[in-house]
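J.: Chains S and U are the protein sequences, given in the same order. Residue 19 is where the first sequence starts when you use this note's numbering, and the numbers rise one by one after that. Residue 1260 is where the second sequence starts when you use this note's numbering, and the numbers rise one by one after that.
Just so you know, the hints here were simulated from the structure itself, not pulled from any lab data. Be a bit skeptical, because a hint or two may be false.
[Unchecked claim] In the DSSO-like style, the derived pairs of lysine-lysine whose C-alpha atoms are separated by at most 30 Å in a straight line are:
1) U/Lys1296 / S/Lys282
2) S/Lys448 / U/Lys1296
3) S/Lys395 / S/Lys460
[Unchecked claim] Now the stretches of chain S that chain U is said to cover, found in silico as 3 or more residues with beta-carbon under 8 Å:
4) 294-306
5) 375-384
6) 466-473
Cβ atoms here follow ideal geometry from the backbone N, Cα and C, with glycine treated the same way.
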Amino acid sequence: MAGYLTTDAVEGTLQLLEAAYPTFVTRIPLSEASPHGRTSHAIKIANGSGPNRHGVLFLGGLHARELVNPDLLVAFSARLCYAYNAGAGITYGPTTYSALDVKLIVDSLDTIVFPLVNPDGRAYVQDPAGDVWWRKNRAAHPGTACIGVDLNRNFDLLWSSGIGTSADPCEYQIYRGPSAFSEPETRNVRALLDSFPNVDCMIDVHSYSEDFLYPWGDDENQSTNPAMNFHNPAFDGARGTPGDTAYKEYIPQTDWDWFVRTAKRVTDAITAVRGRPYTPKESIGLYPTSGTSDDYAYARHFVDGAKRRVYAFTLETGREFQPVYSEALQIIDEVSAGLLEFLLAAICVVDEVARGTHLADRLDELHAVRATLAKSKAGRAWVDQLERSSLALVRLLSADEGLRKEAEGILAAAVDVVGPRAPREGVVPKELVERTAGLAKKLGERDQTLQKDLARFERDVGHFAGKSLAAGLKELDRAAPQPA
Amino acid sequence: MADANEDRFFVTIRAGSLEGLAEVRSLGLDLFGTTAKAGDEVTIEGLLTLEDVGRVVTAGHEVVVHRHADTMARAQEQSASAEEWLAEIGGQ
């Protein structure tokens, strides 16, 4: 029976994976050594390249005593690589992901895995002379005999607020460090986000409680007052009290919806493996925090609009920090199903149709059309529906080159008439509406689960014939009942 | 500061109320934030020394001791090598 990977063995597995699968696994050296001089690597699993690819980042091992998660991320990576190389699917418990799903993930996404952010901490936990329940890194603090910073309180998001953190270097668990990003390990995570600006989804894997957490951690969510947000100093001192009305953290409703929908999808996939009830919820719960990786990654876009929005989660695996290894292997299986589901959720049908075609150069225009749609009620419902059905649509289109070509032709024609570079108030030709409705009908006939939604789409798209996009959306907002 | 050689125990603290939970948090203990629950009662799990347990009880809260921490420590269950581990895990 295998046991927990040592710090050196985690690094060793990454090296072995790169050596075994050089065409689609690349080791990424992190720029900064740990306080004890250890160098770390991440790996990128991707067959192909280009600025339009979506990136997904997985982090593990920030907290030293949570032993299962680096092993989990390495095992997940290894099975993904093995399956892709063999042209096979992956089975977790009763759930099988097809070879096509595996191929879609590796061909269309940049999956970046940084399994052990805190190598010194893990070495100390596994050292018989160390402390098996150590959580922080192993940084020394000049002038004291105390050691370590809680890395998941050291990110630059409300760091100075003190919410759920301590300023005392001798605090055993939640010392936030002398400044935000004072630690090389957190700077390595920031460097990954900076180096891979295409990352727009992230999970930081921790233990324990069988929860899947989405922003925010400092206070409860609200989507009605954009001014009440983490970088508005008018609210300094008001944050961090769950259940009060003085402050709630702003999150755009569309993001909140995406978080909730995706969290449910991932937890359902985990639970399907052996019945463990993972719960999706807001990070704050009863225990507000600041300086965490997930809130920082999600907040970057709000601080600097040029950065991509990162939908960032924290996953709390298992029911203890260090389960016996036979149980750890069960956790690895069930959570891996969730991670695979998360990757599939990151695949966009429009991007997938465009990949490898002349449309790849026009993705910014297609995304602009989506943004325009999302500004109206009816258009927003379409975008939501597209996101919910994306994987099923990709599967159908990948299985039939004729349908995929038809989808490509429709997107090209659509962006010509309603894209941002189209003539002002471009009119949607009746012929394009009929082609689109025809494709929807064919797709609905092939997948019963999509039939109802596609039939509604088929009907709704008729409102655009001979009209501009804006006029069609206006009419649809008036005429069409909104989907639930 | 906790001493690695000191006896520690996995516990559940019954904090009574959200205010009680906030009070427990202020004691500087090793608490596991995501385990905080407010159902019929407000509880949180943690890893406490006997001295910690005494402080919590003195503050008026109930502590349920589950296991000695040593019985939950598996850091010495280590894999022999990266190669063996990968082979066993089915990645190569």
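J.: State for each hint whether it applies.
T.: We went through each hint and held it up to the structure:
1. U/Lys1296 / S/Lys282: Between U/Lys1296 and S/Lys282 the Cα gap is close to 20 Å, so the pair holds against 30 Å.
2. S/Lys448 / U/Lys1296: Violated: S/Lys448 and U/Lys1296 sit about 57 Å apart, past 30 Å.
3. S/Lys395 / S/Lys460: holds (26 Å)
4. 294-306: holds (count 3)
5. 375-384: violated (count 0)
6. 466-473: The restraint on the stretch 466-473 of chain S is violated, since only 0 of its residues have a Cβ under 8 Å from chain U and three are required.
The structure is inconsistent with the numbered hints 2, 5 and 6, although it conforms to all the rest.
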